[in-house]
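Peer 1: Single-letter residue listing:
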Amino acid sequence: MSEPLLKIDNLHVEFKTGSIITRAVNGVTFELNKQENIGIVGESGSGKSVTATSILQLIPSPPAKIANGAIYFKGKNLLELSTKEIRKIRGNEISMIFQDPSTSLNPVFTVGNQLIETIRAHKKVSKKHAKQKAISLLDLVGIPAPDKRIDMYPHEFSGGMRQRVMIAIALACDPKVLIADEPTTALDVTVQAQILNLMKELQEKLAMSIIMITHDLGVVWETCDKLLVMYAGRVVESASVKDLYQQPLHPYTWGLLDSQISEEQNSSEPLASIPGSPPDLSYEIKGCPFVERCPYAQEICYQKTPQLNETTPGHAVACHFQTSEHQLERKERGYSDGDTT
Amino acid sequence: MMETLLEVNELKKHFPVSNPIPFKKSTQSVKAVDGVNFNVYQGETLGIVGESGCGKSTMARLVNQLIKPTDGSVIFKKQNLVDMSAEKLRQTRQQIQMVFQDPYASLDPRLKVGELIAEPLVIHQIGDRASQKQRVEDLLEIVGLNKRYADRYPHEFSGGQRQRINIARALTLNPELVICDEPVSALDVSVQAQVINLLNTLQQDFKLTYIFISHDLNVVRYMCDRIAVMYLGRIVEIGTFEEIYSNPQHPYTKALFSAIPKESPFEEKERIILKGTVPSPLNPPSGCHFHERCPVAIDICKTKEPRMITKENTHQTSCHLAD
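Protein chains in written order, with this note's numbering: chain A, -19 to 321; chain B, 4 to 326.
Next up, chain A with everything else stripped away, as it sits in the complex (with noise of 0.2 Å):
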């Protein structure tokens, strides 16, 4: 495998308020290679939107504050550029997308408007050439009409055409990753289906890389090839996602699947779940920060923080336990690898 495209090193990012910092997001390391699809998941407030954000610098600073790590794209650390340097690649060959539909569009602009202002802002095209780019754009993403719609606002699109509207507004200048913060997560399912569907055609025509933030693990499945399990501002566990469904490793990641609901799942038996709540990120944390949830903590848990340990190529881990012991308690609790049905 060549350099990876987009490389987080060691990224840690404060928030300040008053007296009081916030550690959102404590040492996360990744590599993004070309035209894979990472997924981002954890609680909220688990640091993946923050993560996602530093990494085009679009958190508000202050408060937010990246206290030390680097992030590397095509070689050049993106921290260190300038803020004219960064915009070059915002939006151009990083370009990310969000939650909520309704309120990421500017609603006193057409969507014709807000598409060209992306285009005219990173080429040196005319305007009319930029209008029909945005027309083709939006005919990409599967808007029907686009040379109607393309001069109508954004209240008279549904949630689910809004949404298409930003990846095409996101897709506008070609870009090399797309970052996804959650954008299902406010549509209603069969409408997921529709974008999901358009996310991973566009990702095979365009080969783009993708990181997909979100809490669905449903959507894991469908769209990414590899995992990250975040907890408390750090990556506890790493995988592709096959991996990570048939031999989860962290206490966690095993808590985050039971507690999804299967077809299997038996309603007369209560839903596992994970008891308690995450840490506050404003104190200081000893040792692993999972541990005042972990069923199988120990003495060492309390005292030392695990670090992200590679057990099986490309299989990481942050627990103290990584194997045998703890593998071979799930095992007799019947979860065994996860067969597939």
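No lab work stands behind these hints, which were simulated from the structure alone.
Because the structure is a prediction, the values reported are computed rather than measured.
All C-beta atoms, glycine included, are put in the ideal place defined by N, C-alpha and C.
Any given hint might turn out to be false.
To be verified - Distance ranges between label pairs, derived from CB positions:
#, chain 1, residue 1, chain 2, residue 2, range
1, A, Thr90, B, Val299, 33 to 39 Å
2, B, Pro282, A, Ser220, 38 to 44 Å
3, A, Ser106, B, Ser283, 53 to 59 Å
4, A, Glu60, B, Glu245, 56 to 62 Å
5, B, Pro282, A, Lys108, 56 to 62 Å
6, A, Ser242, B, Thr243, 18 to 24 Å
7, A, Pro43, B, Glu245, 48 to 54 Å
Claimed, not checked - Think about it this way: if two alpha-carbon atoms lie no more than 30 Å apart in a straight line, the pair counts; the simulated DSSO-like pairs of lysine-lysine are:
#, chain 1, residue 1, chain 2, residue 2
8, A, Lys(-4), A, Lys284
9, B, Lys115, A, Lys(-4)
10, A, Lys56, A, Lys(-4)
11, A, Lys180, A, Lys222
12, A, Lys222, B, Lys272
13, A, Lys180, B, Lys278
14, A, Lys45, A, Lys111
15, A, Lys103, A, Lys180
16, A, Lys56, A, Lys266
17, A, Lys56, A, Lys128
18, B, Lys278, A, Lys111
19, B, Lys210, B, Lys80
20, B, Lys278, B, Lys314
21, B, Lys91, B, Lys210
22, A, Lys180, A, Lys113
23, A, Lys180, B, Lys91
24, A, Lys180, B, Lys257
25, A, Lys64, A, Lys128
26, A, Lys113, B, Lys210
27, A, Lys180, A, Lys111
28, B, Lys272, A, Lys180
29, B, Lys150, B, Lys210
30, B, Lys81, B, Lys28
31, A, Lys185, B, Lys278
32, A, Lys222, B, Lys265
33, A, Lys14, B, Lys272
34, A, Lys64, A, Lys111
35, A, Lys113, A, Lys185
36, A, Lys128, B, Lys278
37, A, Lys266, A, Lys64
38, B, Lys91, B, Lys15
39, A, Lys14, A, Lys64
40, B, Lys81, A, Lys185
Assemble chain B onto chain A, guided by the hints.
Peer 2: Quick look at chain B alone, frame taken from chain A:
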């Protein structure tokens, strides 16, 4: 057969749309709920599923008369709530409570948790101060919260804890029917599972009947005995979950079930991708509301409205092709 607790007949709610010409009476209306019939039996959980804008929440609000229907009747324990006097309704409504979707918006930020939970008792003038306080403490324990939390404010709690407070408040008056309008869709999966478990335990302990509204079909599968699938203000299919899941009759139901995300990276799924989006309820299509998006529509669907037909036992659907 179980006893019928609630009976909904030809329920309709049309919201008038303001006329663009000032001082003119409105002529158009949004048909949010357009002729819905169903029964809820004692002790069961009826799930209502459908896309946003199909009228699920409007229907929930019609059932406990938070909004007045345009037409139709809601019969709760053999009494019609629609033409009941205001005072009588207030009394009857003690037995129908609601849990709302957004735990951040449904609790008054200026009231303490204790006051929030005791409010129904104060309104209905039940018990004295001391007994109300006792009831609040009992309820907090029932929903798995510490009883000292009564003196705290809602902002001090996480989403899951707030939803527990909401549930406690809904239980204050010992209701028989609890309408849950997307109670877990704002929560994270792990917390979602906690709240679902709580709802299930409470149902057994207090013999509750639920109307459970959700767009998450996995949650509905786990929670509900029967489900009703809604599309554009009408029920298109109703029956037990097994009946509908194993043998969906209506093409919309088929598409909806096929859109459930995969359960594992190994699963191969046949998708029915619907074309277009839900039409405007301002001007619904003629005949069957679904015919414009239906992959198997025939001529009759454009002109004639399908009626509800019974397939087997409790399984009913309204589709010309299921006849």
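Peer 1: For every hint, state whether the structure bears it out.
Peer 2: For each hint, the structure was consulted:
The hinted window of 33 to 39 Å between A:Thr90 and B:Val299 holds, with their beta carbons roughly 37 Å apart. Between B:Pro282 and A:Ser220 the CB atoms are about 42 Å apart, so this pair conforms to the stated range of 38 to 44 Å. Taking the beta carbon of each, A:Ser106 and B:Ser283 are about 37 Å apart, not inside 53 to 59 Å as hinted. Between A:Glu60 and B:Glu245 the CB atoms are about 60 Å apart, so this pair conforms to the stated range of 56 to 62 Å.
For B:Pro282 paired with A:Lys108, a C-beta distance near 35 Å fails the hint of 56 to 62 Å. Between A:Ser242 and B:Thr243 the beta carbon distance is about 19 Å. The supplied range of 18 to 24 Å therefore holds. For A:Pro43 paired with B:Glu245, a C-beta distance near 52 Å keeps the hint of 48 to 54 Å intact. Proposed proximity of A:Lys(-4) and A:Lys284 is supported: the alpha carbons are some 26 Å apart, at most 30 Å.
Straight-line distance between C-alpha atoms of B:Lys115 and A:Lys(-4) comes to about 29 Å, which keeps the hinted pair within the 30 Å bound. Among the hinted pairs, A:Lys56 with A:Lys(-4) is consistent with the structure: their alpha-carbon atoms are about 28 Å apart, no more than 30 Å. In summary, the hint linking A:Lys180 to A:Lys222 is supported, as the alpha carbons are separated by about 18 Å, within the 30 Å threshold. Our distance criterion of 30 Å between C-alpha atoms is met by A:Lys222 and B:Lys272, whose separation comes to about 16 Å.
Straight-line distance between C-alpha atoms of A:Lys180 and B:Lys278 comes to about 18 Å, which keeps the hinted pair within the 30 Å bound. Restraint check for A:Lys45 and A:Lys111: the C-alpha separation of about 38 Å exceeds 30 Å, so the hint is violated. Restraint check: the Cα-Cα separation between A:Lys103 and A:Lys180 comes to about 26 Å, which is no more than 30 Å; the hinted pair holds. Restraint check for A:Lys56 and A:Lys266: not satisfied, since their Cα atoms lie roughly 34 Å apart, outside the 30 Å limit.
About 41 Å separates the Cα atoms of A:Lys56 and A:Lys128, which puts this hinted pair outside 30 Å; it is violated. A threshold of 30 Å between alpha carbons decides the hint, and for B:Lys278 with A:Lys111 the separation of about 26 Å falls inside it, so the pair holds. A distance of roughly 15 Å separates the Cα atoms of B:Lys210 and B:Lys80; the hinted pair therefore holds under the 30 Å criterion. Between the alpha carbons of B:Lys278 and B:Lys314 the distance comes to roughly 27 Å, so the proposed pair stays at or under 30 Å and holds.
Proximity of B:Lys91 to B:Lys210 is assessed by CA-CA distance (about 24 Å); at most 30 Å being required, the pair is judged to hold. Annotation: proposed proximity of A:Lys180 to A:Lys113 holds, straight-line Cα distance about 21 Å (limit 30 Å). For the hint pairing A:Lys180 with B:Lys91, the CA-to-CA distance comes to about 57 Å; that exceeds 30 Å, so the pair is violated. A threshold of 30 Å between alpha carbons decides the hint, and for A:Lys180 with B:Lys257 the separation of about 23 Å falls inside it, so the pair holds.
Annotation: proposed proximity of A:Lys64 to A:Lys128 is violated, straight-line Cα distance about 35 Å (limit 30 Å). With a C-alpha separation of about 61 Å, the suggested pair A:Lys113 and B:Lys210 falls outside the 30 Å cut-off, and the hint is violated. A hinted pair counts as satisfied when its Cα atoms are at most 30 Å apart, and A:Lys180 with A:Lys111 qualifies at roughly 25 Å. The suggested pairing of B:Lys272 with A:Lys180 holds, with an alpha-carbon distance near 15 Å, which does not exceed 30 Å.
Of the pairs offered as hints, the one joining B:Lys150 and B:Lys210 holds, with about 24 Å between alpha carbons and a cut-off of 30 Å not exceeded. Only pairs whose Cα atoms come within 30 Å are accepted, and B:Lys81 paired with B:Lys28 is rejected, the gap being roughly 37 Å. A threshold of 30 Å between alpha carbons decides the hint, and for A:Lys185 with B:Lys278 the separation of about 21 Å falls inside it, so the pair holds. Straight-line distance between C-alpha atoms of A:Lys222 and B:Lys265 comes to about 13 Å, which keeps the hinted pair within the 30 Å bound.
With a C-alpha separation of about 26 Å, the suggested pair A:Lys14 and B:Lys272 falls inside the 30 Å cut-off, and the hint holds. Between the alpha carbons of A:Lys64 and A:Lys111 the distance comes to roughly 25 Å, so the proposed pair stays at or under 30 Å and holds. About 16 Å separates the Cα atoms of A:Lys113 and A:Lys185, which keeps this hinted pair within 30 Å; it holds. Taking the CA atoms of A:Lys128 and B:Lys278, the gap is near 19 Å; set against the 30 Å cutoff, the hint holds.
Taking the CA atoms of A:Lys266 and A:Lys64, the gap is about 40 Å. The hint is violated against a cut of 30 Å. Under the criterion of a C-alpha separation no larger than 30 Å, the hint pairing B:Lys91 with B:Lys15 is consistent with the structure, at around 22 Å. At most 30 Å may separate the alpha-carbon atoms for a hinted pair to count; A:Lys14 and A:Lys64 meet this at roughly 26 Å. Proximity of B:Lys81 to A:Lys185 is assessed by CA-CA distance (about 61 Å); at most 30 Å being required, the pair is judged violated.
When held up to the earlier numbered hints, the structure conflicts with 3, 5, 14, 16, 17, 23, 25, 26, 30, 37 and 40 and fits the remainder.
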